[in-house]
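S.K.: Listed below are the residues making up each chain.
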Amino acid sequence: MDTPRKTVGLLGGAPRGTPPRGKSRRRTDLTPYAFLLPGVALFCLVVAYPLSRSLQISFYDWAVVPTQESRFIGFDNYLRGLQDGQFWLSMANVGVYLVVTVPGQIAIGMFLAVLLDARLPARGLFRVLFYLPVVTSWVVVALLFKYLFTTDGGAINWVLHDMLHLVDHNVPWLQQRWTGLLAVCALGIWKGVGWSMVIFLAALTGVSSELKDAAAIDGANAWQRFVNVSLPAIRRTLLFVIVMLIIGGFNVFISILLMTEGGPAGSTEVPLTYMYKQAFDFLDFGYASALSFLLAIVIAVISFVQFHLFRDDAIGARR
Amino acid sequence: MKRTRALTVATALILGAAACGTGGGAGGQSKDPVEKLPPGKKVSGEITFWHAYGAGGNEVKQLEKKVIPAFEKEHPGAKVKPVTVQYDKLHQKLVTAAAGQSLPDVVRSDLIWVPELAELGVLVPLSEALPDFKKLSGQTFEGPLATNLYKGKHYGLPLDTNTKVLLYNDSTLKAAGVDGPPKTFDDLRAAAPKLAARKDFVLAEADTSGWNLLPYIWSNGGEMTNKEITKSDGYLNGEKSVEAVQLLVDLYKAKGLPKLVLGGAGATPAADGLAKGKYATTVEGPWIYPPVQKQYPKFKMKGAPFPKGDADSVSVVGGESVVVTTASKEKALAAEFSRFLLTPKAQKLMAETGQISVLKSLSEEMSKLEPSYEPYMKQLETARPRPTTPAWTKVDEILSKQVQLAIRGEVPVKKALDEAVAQIDPLLARG
Numbered sequence: 001m002d003t004p005r006k007t008v009g010l011l012g013g014a015p016r017g018t019p020p021r022g023k024s025r026r027r028t029d030l031t032p033y034a035f036l037l038p039g040v041a042l043f044c045l046v047v048a049y050p051l052s053r054s055l056q057i058s059f060y061d062w063a064v065v066p067t068q069e070s071r072f073i074g075f076d077n078y079l080r081g082l083q084d085g086q087f088w089l090s091m092a093n094v095g096v097y098l099v100v101t102v103p104g105q106i107a108i109g110m111f112l113a114v115l116l117d118a119r120l121p122a123r124g125l126f127r128v129l130f131y132l133p134v135v136t137s138w139v140v141v142a143l144l145f146k147y148l149f150t151t152d153g154g155a156i157n158w159v160l161h162d163m164l165h166l167v168d169h170n171v172p173w174l175q176q177r178w179t180g181l182l183a184v185c186a187l188g189i190w191k192g193v194g195w196s197m198v199i200f201l202a203a204l205t206g207v208s209s210e211l212k213d214a215a216a217i218d219g220a221n222a223w224q225r226f227v228n229v230s231l232p233a234i235r236r237t238l239l240f241v242i243v244m245l246i247i248g249g250f251n252v253f254i255s256i257l258l259m260t261e262g263g264p265a266g267s268t269e270v271p272l273t274y275m276y277k278q279a280f281d282f283l284d285f286g287y288a289s290a291l292s293f294l295l296a297i298v299i300a301v302i303s304f305v306q307f308h309l310f311r312d313d314a315i316g317a318r319r
Numbered sequence: 001m002k003r004t005r006a007l008t009v010a011t012a013l014i015l016g017a018a019a020c021g022t023g024g025g026a027g028g029q030s031k032d033p034v035e036k037l038p039p040g041k042k043v044s045g046e047i048t049f050w051h052a053y054g055a056g057g058n059e060v061k062q063l064e065k066k067v068i069p070a071f072e073k074e075h076p077g078a079k080v081k082p083v084t085v086q087y088d089k090l091h092q093k094l095v096t097a098a099a100g101q102s103l104p105d106v107v108r109s110d111l112i113w114v115p116e117l118a119e120l121g122v123l124v125p126l127s128e129a130l131p132d133f134k135k136l137s138g139q140t141f142e143g144p145l146a147t148n149l150y151k152g153k154h155y156g157l158p159l160d161t162n163t164k165v166l167l168y169n170d171s172t173l174k175a176a177g178v179d180g181p182p183k184t185f186d187d188l189r190a191a192a193p194k195l196a197a198r199k200d201f202v203l204a205e206a207d208t209s210g211w212n213l214l215p216y217i218w219s220n221g222g223e224m225t226n227k228e229i230t231k232s233d234g235y236l237n238g239e240k241s242v243e244a245v246q247l248l249v250d251l252y253k254a255k256g257l258p259k260l261v262l263g264g265a266g267a268t269p270a271a272d273g274l275a276k277g278k279y280a281t282t283v284e285g286p287w288i289y290p291p292v293q294k295q296y297p298k299f300k301m302k303g304a305p306f307p308k309g310d311a312d313s314v315s316v317v318g319g320e321s322v323v324v325t326t327a328s329k330e331k332a333l334a335a336e337f338s339r340f341l342l343t344p345k346a347q348k349l350m351a352e353t354g355q356i357s358v359l360k361s362l363s364e365e366m367s368k369l370e371p372s373y374e375p376y377m378k379q380l381e382t383a384r385p386r387p388t389t390p391a392w393t394k395v396d397e398i399l400s401k402q403v404q405l406a407i408r409g410e411v412p413v414k415k416a417l418d419e420a421v422a423q424i425d426p427l428l429a430r431g
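Chains V and B are the protein sequences, given in the same order.
Sequential numbering from 1 applies to the first sequence in my numbering.
Sequential numbering from 1 applies to the second sequence in my numbering.
I should point out that these hints are in silico values taken from the structure, not numbers from a laboratory.
Only a predicted model underlies this, so the values are computations on that prediction, with no experimental measurement involved.
We put the beta carbon where it would ideally sit given N, CA and C, even for glycine.
A couple of the hints might just be wrong.
Not the full set, but computed from the structure, chain B residues with beta-carbon under 10 angstroms of chain V [unchecked claim]:
1. 84
2. 85
3. 90
4. 388
5. 391
6. 405
7. 410
8. 412
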C-alpha cells in the first residue's frame with residue numbers, strides 16, 4: 001500500500017530537531033495508545049474475541065452445554081460445508097438476490113435522484129417519502145410484505161386475481177422458490193432504493209452546472225447530458241454504492257426469515273438463515289461457524305476483485 | 001516491522017483468550033450420583049416454572065389463579081414463579097438457557113424435546129431421583145410416559161396429552177354429495193374429485209412434518225423406524241410408508257389438498273378453511289375447539305376417527321411433560337411441584353381449559369367435562385408417540401423437506417423417502 005510518507009507516524013510522534021528528555025519523550029509515546037485503548041478494547045471485546053472464538057468453534061463438534069466436552073474434528077465441518085448442496089443452494093439464492101436487487105436499487109435510485117435533482121414542486125416532501133422505507137424497521141416491513149404476498153387474501157393476489165383477472169388462481173407467492181425470492185427481492189429494492197437515491201442525489205448536486213450548460217449549448221439533449229456529463233462525474237459514487245449494496249445483499253436475513261423461513265423445503269434459504277438454523281435449531285454450532293467462515297471467504301474474494309476494479313478505475317480517472 | 005510485531009502479539013493474545021475452555025472441565029455433572037428427592041418433605045424457597053400455556057384461552061389464568069395458589073397453600077413458605085413463553089420460542093429459549101446455564105427449576109416441555117434436553121445433560125433423571133417414581137408414572141398413560149425415556153431413564157413425567165382426530169364440516173361434505181366423514185384412505189380418494197368439482201378441498205394438512213405425516217404411515221401399517229429407533233431404512237422407505245405418502249401426493253395432484261400443505265405463509269389456515277366450508281376435513285388436536293367456537297359461533301365442528309389405510313386408525317400422541325433441571329437450586333421443591341401437577345386436583349383444573357389429563361383414572365371424566373374430547377379419548381387408546389430421539393428436531397426437518405419435494409411432484413415418493421432415510425439413519429445411529 002502506498003501510504004503518503006509525509007504523515008507523522010503513530011510511533012514517535014514527537015517533532016525532531018529538539019532532542020527531548022527521556023521522561024517526556026516516553027510520555028508522548030504513550031499518549032496515542034491511551035487514546036486508542038478504549039476503541040481497541042471495545043473492538044477486541046465485541047469483534048475480535050467473538051470472531052476468534054467462532055473460528056475455534058468451527059474446528060470442533062461443539063457441545064452447547066459447557067459441562068459437556070467438545071470434540072476437535074479439524075476441517076471436517078468445512079469439508080461438510082463444501083459438500084452440502086443446501087449451503088450452495090443458499091449461496092445461489094443470495095446470488096439471485098444480488099443480481100436482482102443491486103441493479104434494481106441502482107437503476108431506480110438513480111432515476112429518482114435525477115428527477116428530484118430537477119426543480120420540482122414539493123421536492124423535499126418526495127425526498128422524505130422515498131427515504132422513509134430506509135428508516136423503518138426490517139421486522140415491521142417484512143411482516144407487512146408477508147401479508148401483501150399472502151396466497152389467500154393477500155393484497156397482491158387480490159389485485160392480480162380479483163381486480164385485474166390477470167391470473168386464474170391465487171399465486172402461492174411465498175410457497176415456491178422463484179416467486180418467494182421475487183417477493184423478498186421486491187422488499188429489498190423497496191427498502192433500499194431511498195438510500196441509493198440520497199447518495200446519488202448528493203453526488204448529482206456536486207456536478208458542475210457549467211459543464212451541463214456547455215453540453216446543452218453544444219446541442220446535447222437531456223439523456224446525452226446525463227450519460228456524458230453527469231454519469232462520468234458521479235462514477236466514483238456509483239462504484240461506492242455498488243460495493244456497499246453487494247456487501248449489504250450478502251447480509252440478507254430478516255426478510256427471508258420472516259417471509260419464507262427459508263422454505264418451502266429450504267428452497268429460499270440464504271447463507272445467514274441456513275447458518276442460523278444449524279446453530280439455533282440443530283445446535284450444530286461448529287458447523288454453523290464453519291459455514292460463516294466459508295461465506296466470509298467468498299465475500300473476501302468478491303471484495304478483492306472489486307478492490308482491483310476500483311483501483312484500476314482510480315488510475316484511469318487520473319489519466 | 002514494529003507494527004507487524006504488535007499485530008502478531010495482539011492476534012496471539014486474542015487467540016489465546018479464545019482457546020481457553022472447550023468444555024468438559026466442570027467435572028461432568030452427569031457422573032455425580034443423583035440426589036434423592038423423596039416425597040412429603042417440608043419444602044420452602046422459590047422456584048421458576050417455564051411453560052407455554054396459551055394466553056388466548058384460559059390456560060394461563062387457570063394456572064396462575066388456581067393451580068399455583070393451591071400448591072402454595074399446601075406448602076407454606078414455597079413460592080412458584082410462572083413464566084409464560086410462546087410455544088414457538090420455547091425450544092430455542094430452552095436451548096439457549098441450557099448453553100448459558102440459566103435454565104429455570106421446572107419446565108413444561110413439549111414431549112419431543114425431552115430426549116434432546118436429556119442428552120444435553122441438563123435434566124434430572126426423575127426415575128432415579130424420585131423414590132416414588134413408579135407410583136407416579138403408574139397412574140399415567142403409557143404412550144405419553146414412554147416419550148420421556150432416554151437411555152433407560154425417565155427424564156420427565158407426562159403432564160397433559162393429546163392427539164389428533166379428523167375434524168369435518170358436515171355441510172361442505174353434504175353439498176358435494178359425500179356421505180359422512182371419510183373413514184378410509186379410499187374414501188378420501190373417492191371424495192376428492194367431488195369436492196374439487198365445487199372448488200372445495202377434501203382434506204387440509206398444514207405441514208409435512210412427522211406430526212402430520214406419521215398418522216398416515218401408521219394407519220397404513222407402515223413404520224418410521226425399527227423398535228429400537230436405531231434405523232429407518234426399510235421402515236420409512238418401506239412399501240406401506242411409501243403408499244401412505246403417495247396418498248397425500250395423489251390428493252394434492254387431484255386438488256384434494258389445498259396449498260396449505262406447501263408450508264410457508266399464505267394459504268387459508270385449516271381451522272378457518274374448515275369453518276368457512278372451503279376445506280371439508282382437517283386433522284387437528286382438541287385445542288382448536290375454543291378458538292373456532294369463539295370466532296365462528298355458528299359453525300358446528302365434528303370429530304371422527306383418523307381415516308385408516310391398510311391398518312387400524314392410529315394417530316399421533318402429543319403433549320407436554322414436566323421436567324426438573326440439574327441447574328435447580330431447589331430440587332426438592334421442584335420435585336414436589338411436579339408431583340402436585342400430577343394430582344387429580346391440578347389435572348382436573350387444567351382439563352377445564354383444554355388440557356387432556358394423563359391420568360388413567362380421569363379418562364372417563366374427560367368427555368363429561370368437555371364433550372368435544374370424546375373422539376380424542378377414543379383415538380388416544382391407539383395413538384402412538386413420535387420416535388424418541390435426541391436428534392428429533394433435525395430428523396423431522398429432513399423428513400418434512402423430502403415429503404415436501406414429493407408433494408410438489410419434484411421427486412417420486414420412493415426416491416424422496418430413500419433420500420430422507422439416507423440422511424436420517426446416521427443421526428439415529430449416533431443415538
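S.K.: Compare the structure with each hint and give your call.
M.R.: Checked hints:
| no. | hint | verdict |
| --- | --- | --- |
| 1 | 84 | violated (21 angstroms) |
| 2 | 85 | violated (15 angstroms) |
| 3 | 90 | violated (13 angstroms) |
| 4 | 388 | violated (17 angstroms) |
| 5 | 391 | holds (8 angstroms) |
| 6 | 405 | holds (5 angstroms) |
| 7 | 410 | holds (8 angstroms) |
| 8 | 412 | violated (15 angstroms) |
The earlier numbered hints that this structure contradicts are 1, 2, 3, 4, 8.
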